[in-house]
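These protein sequence lines map, in sequence, to chains A and B.
This note's numbering numbers the first residue of the first sequence as 1 and each following residue consecutively.
This note's numbering numbers the first residue of the second sequence as 551 and each following residue consecutively.
If you're looking for bench data, these hints aren't it; they were derived computationally from the structure.
Only a predicted model underlies this, so the values are computations on that prediction, with no experimental measurement involved.
Wrong hints could be hidden among the right ones.
[As the list claims (entries may be wrong)] Between beta-carbon pairs, the in silico distance windows are:
#: 1; chain 1: A; residue 1: Asp-492; chain 2: B; residue 2: Leu-759; range: 23 to 33 Å
#: 2; chain 1: A; residue 1: Arg-192; chain 2: B; residue 2: Leu-602; range: 25 to 35 Å
#: 3; chain 1: B; residue 1: Pro-716; chain 2: A; residue 2: Thr-330; range: 45 to 55 Å
#: 4; chain 1: A; residue 1: Arg-365; chain 2: B; residue 2: Leu-759; range: 34 to 44 Å
#: 5; chain 1: A; residue 1: Glu-256; chain 2: B; residue 2: Ala-625; range: 55 to 65 Å
#: 6; chain 1: A; residue 1: Asn-221; chain 2: B; residue 2: Leu-602; range: 38 to 48 Å
#: 7; chain 1: B; residue 1: His-789; chain 2: A; residue 2: Val-331; range: 51 to 61 Å
#: 8; chain 1: A; residue 1: Arg-357; chain 2: B; residue 2: Tyr-835; range: 34 to 44 Å
#: 9; chain 1: A; residue 1: Thr-330; chain 2: B; residue 2: Arg-671; range: 47 to 57 Å
Just so you know, even glycine gets a beta-carbon here, dropped at the ideal spot from N, CA and C.
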Amino acid sequence: MSEKAPFYSRKTYRPGLVFQPQAHENIKRGINTLVSAIRPTLGPTARTVAVTSLIENKSSPEVLDDGGIIARRVIELHRRDADIGAMLARALICRQNERMGDGSATTAVLLQAIYNGGLHYLAAGGNAMRLRHHLESALRKALAALDEQTYFVGGKRSLAQVAESICHDAPLAKLLGEIFDIIGAYGRLDIRKDHSRSLRREYIEGMAWDSGLFSRDMIVNQTDLQTVYEEPALVLVDSKVNDPRHVMPMLEIAVEQKIEKLILVAGDLSAGAMAGLMMANGKLKNFQVMAVRGPGSNADERAAAFEDLAIAAGAQTLVEVAGDSLKDVTVKHFGRARRGWASAHNFGIIGGKGDPRKLRAHIRRLQSWLEQSDDPQMREALQKRIGRLMGGSATLWIGGASKIEIDQQKTLAEKTASAMRAAVSDGVLPGGGMAFMSCRGALEPASQSGADPDERAAHRILYDALAEPARAIFENAGYEPGEVFARLAREDNGAGFDVLSGAITDGAALIDSAAVMKAALRNAALTAGMMLTIDVMVHHHTPEIARQPG
Amino acid sequence: MLGVEISRELSESAETVYALAASPGFAKDGRCFAATSGGLYRSSDGGSGWKLLRLTDEAVSPMAATAVAVSPAFAQDRALFAAVKGGILRSSDGGDTWFAAKFPAPPPLFTALVISPNFARDGFMLAGTMEDGVFSSTDRGLNWQPWNFGLFDLGVLCLAASPHLPADETIVAGTETGLYRSTNGGRAWRESSFPSEFAPILSLAYLDLSANGVGETLLFAGTEQNGLFVSGGEGEGWHRIAPEALPGSVNQLQILRKPDGEARIVALAEDGVLISRDAGQNWDYRVQTEDPPTAFLVPKRSGETMFIGLAGKGIVKYDF
Chain A
1 MSEKAPFYSR
11 KTYRPGLVFQ
21 PQAHENIKRG
31 INTLVSAIRP
41 TLGPTARTVA
51 VTSLIENKSS
61 PEVLDDGGII
71 ARRVIELHRR
81 DADIGAMLAR
91 ALICRQNERM
101 GDGSATTAVL
111 LQAIYNGGLH
121 YLAAGGNAMR
131 LRHHLESALR
141 KALAALDEQT
151 YFVGGKRSLA
161 QVAESICHDA
171 PLAKLLGEIF
181 DIIGAYGRLD
191 IRKDHSRSLR
201 REYIEGMAWD
211 SGLFSRDMIV
221 NQTDLQTVYE
231 EPALVLVDSK
241 VNDPRHVMPM
251 LEIAVEQKIE
261 KLILVAGDLS
271 AGAMAGLMMA
281 NGKLKNFQVM
291 AVRGPGSNAD
301 ERAAAFEDLA
311 IAAGAQTLVE
321 VAGDSLKDVT
331 VKHFGRARRG
341 WASAHNFGII
351 GGKGDPRKLR
361 AHIRRLQSWL
371 EQSDDPQMRE
381 ALQKRIGRLM
391 GGSATLWIGG
401 ASKIEIDQQK
411 TLAEKTASAM
421 RAAVSDGVLP
431 GGGMAFMSCR
441 GALEPASQSG
451 ADPDERAAHR
461 ILYDALAEPA
471 RAIFENAGYE
481 PGEVFARLAR
491 EDNGAGFDVL
501 SGAITDGAAL
511 IDSAAVMKAA
521 LRNAALTAGM
531 MLTIDVMVHH
541 HTPEIARQPG
Chain B
551 MLGVEISREL
561 SESAETVYAL
571 AASPGFAKDG
581 RCFAATSGGL
591 YRSSDGGSGW
601 KLLRLTDEAV
611 SPMAATAVAV
621 SPAFAQDRAL
631 FAAVKGGILR
641 SSDGGDTWFA
651 AKFPAPPPLF
661 TALVISPNFA
671 RDGFMLAGTM
681 EDGVFSSTDR
691 GLNWQPWNFG
701 LFDLGVLCLA
711 ASPHLPADET
721 IVAGTETGLY
731 RSTNGGRAWR
741 ESSFPSEFAP
751 ILSLAYLDLS
761 ANGVGETLLF
771 AGTEQNGLFV
781 SGGEGEGWHR
791 IAPEALPGSV
801 NQLQILRKPD
811 GEARIVALAE
821 DGVLISRDAG
831 QNWDYRVQTE
841 DPPTAFLVPK
851 RSGETMFIGL
861 AGKGIVKYDF
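Could you build the full structure based on these sequences and the hints that come with them?
Printed below as a string of structure tokens:
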């Protein structure tokens, strides 16, 4: 049996230790190599990077203009010493991209500038630990200066401007501007592929869940394949309703209370219980009931969905772990809504009649959890819950001429939407690297007259690095950075340079998300400071780690 | 009582008046409208005589009208809107013929109608409802869409548009449990910091502090039991004003601006109409009524005319 060719392999390295000055030089080489591949993608005139496909039988390379994805594609560098620097930088850039959805190229450029500046100082005899300490101090000043420049935008036109500064796609930016003007920082936005050739958006009123009717026999409108009730009552039970007799108390109360439409949301429903409900639909005059499967794919999701539904509709859930079952239902368990609807796969309510004060307090609690959570899955789940409770959702349908175009556009829309959320909730800054340029004033005094040489050096390093994003943007657009900086120096504070028109503009014309830019600066400075303290590299023998599957 | 009562109309039919509206050219055309429990009435002679308008093909009894609004360009477009149970009717001939717009079931109960000051160009309107939140129309009342994103309380009791609506797209909605503000023409709402323990909010009005009507604004909110509150135009930082003059309900507010730019606030309290000339700090009774007043109207450029609707007693007109 012939051995299959390796699918992906690391070279087998010999173990060894690398000391100074080689360690620093090689880390620098790794960072510079990786950042050189990402730097051309910074700014509105981003150039692209072609990446050979990792999959053997896929011959065409990927053409990318997203720094985060490019970094992810660089799996290793040929030289093992440089590889350590590159991989540390890669982890930083990927984290920025995953968490913020934007700013990965800015992060890369800042990291490179701070590390190289720091290394220059260490080569002249500086102390790495003290330099790191003062870099963190300088970082705090720069972040405070960014805070001072942060402002909030509203209105679809301004938000479209923010979106365009992120995605550089005017039609997409226009739609996202309108959507975020409506849904705000916490609203629910689904981005889906469409069969059409263009972009479109849709707004859905009320709260909807991905869970539908237990039986298609309960579908009333065979054209829309859904059932809509006006002024329905709701009963929520998170367990399985096994015994057909358990639905009787609920039906009796419904008749006593002159309820004409009833939605039962249950964890599960036996065939016997379903038959009981169907019989009620046929026999009871002026009464209709539909049974909907409780939302959520696991226990946590289900509990959360029942909690949200109960608060929105003013119902009390019959909870299995508390010993409740449907036979225990009383009038107080019934909730109400203005309208309720269900299809085979979804259901929702419009105008839940729960206490608005309780609903507001519940949403505030979820927002607080969202702000405290770092777990991406938890954040996504909380985001969905809040968006649903806000009373509506938006869907952006992504069409295009080909599957590749649709996929690329969807990725771009998701990335932009993520950064837009941050911009709406945390504000915006002057774009085009101008916010970083304006921070430099806060560092200047300590860079010139700080008591400690390490302090002066740290401030000077960050001072210089803060000009690098703007420099890269100007270079990528084909301008001579020194010339543009000289033109800007003659203008008032707050002026920016629009590389698309080649004109000096009001700073407000170019916008970046404040959260994205602050995260980029903070992560780049802290990571560069940490990397400057690396004194020795240790290599292990690395075996081949993967072979072609099958 | 100040002023002279010159007519008491509709009193025999014992109607309760929910809302009053006048043509912007009232001083010339004398047109005004009253939404009452017995239907929509029109006066073409400055409020001396009132005629019940036929809104639909109702055979038995007229439909109650809960709100009425007149186009700011009434002289040109003759557009008029009346809210009845389950729908909003529009007329483009000053109230002679009516057309209904469709709304989703169950039928909404309308509480307020707001028309854009730029209606002739943007055709924009909003309607508040008791249980369905806010509906908006951008085609002169032809089609209506529910816009309730972020509006957690769908019991909307009153609406007010910013005096700079075409520019800032700001609208506020008073509800059973608080105050909501939209800065995008009602497409999405954010909760204001109004203290919810003082809700429900029955009335809202913006006051532009500058003489020329382009400056900073104050927002007034009248509550059901707790008097009048004021904040900056942003709807944050509320405080109660004039608790002695307005100790209980403030059912309606109207801002009057005289030709010289002087602004007055008129408030409908439990027992009459009060007026303030100093941005709500001090109030004087303009009219005190024996029967509970339910609505009032001071038509623009009408001199000193005021209409007051009474619970079950029709309309009283005062000329001062």
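Results of checking the hints against the structure:
1. For Asp-492 of chain A and Leu-759 of chain B, the Cβ-Cβ distance of about 31 Å falls inside the hinted range of 23 to 33 Å, so the restraint holds.
2. The hint said 25 to 35 Å for the Cβ distance between Arg-192 of chain A and Leu-602 of chain B, and at roughly 53 Å that hint is violated.
3. The supplied range of 45 to 55 Å is met by Pro-716 of chain B and Thr-330 of chain A, whose beta-carbon atoms lie about 53 Å from each other.
4. As the Cβ distance of Arg-365 of chain A to Leu-759 of chain B is approximately 38 Å, the hint placing it in 34 to 44 Å holds.
5. For Glu-256 of chain A and Ala-625 of chain B, the hinted distance range of 55 to 65 Å is satisfied, since their beta carbons lie about 57 Å from each other.
6. Checked against the given bound of 38 to 48 Å, the beta carbons of Asn-221 of chain A and Leu-602 of chain B, roughly 40 Å apart, stay inside it.
7. The hinted range of 51 to 61 Å is not satisfied by His-789 of chain B and Val-331 of chain A, whose Cβ atoms lie roughly 41 Å apart.
8. Look at Arg-357 of chain A against Tyr-835 of chain B: about 35 Å separates their beta carbons, and that is inside 34 to 44 Å.
9. A C-beta distance of roughly 56 Å is found between Thr-330 of chain A and Arg-671 of chain B, which places it inside the suggested range of 47 to 57 Å.
In this structure, the earlier hints numbered 2 and 7 are contradicted, and the remaining ones agree with it.
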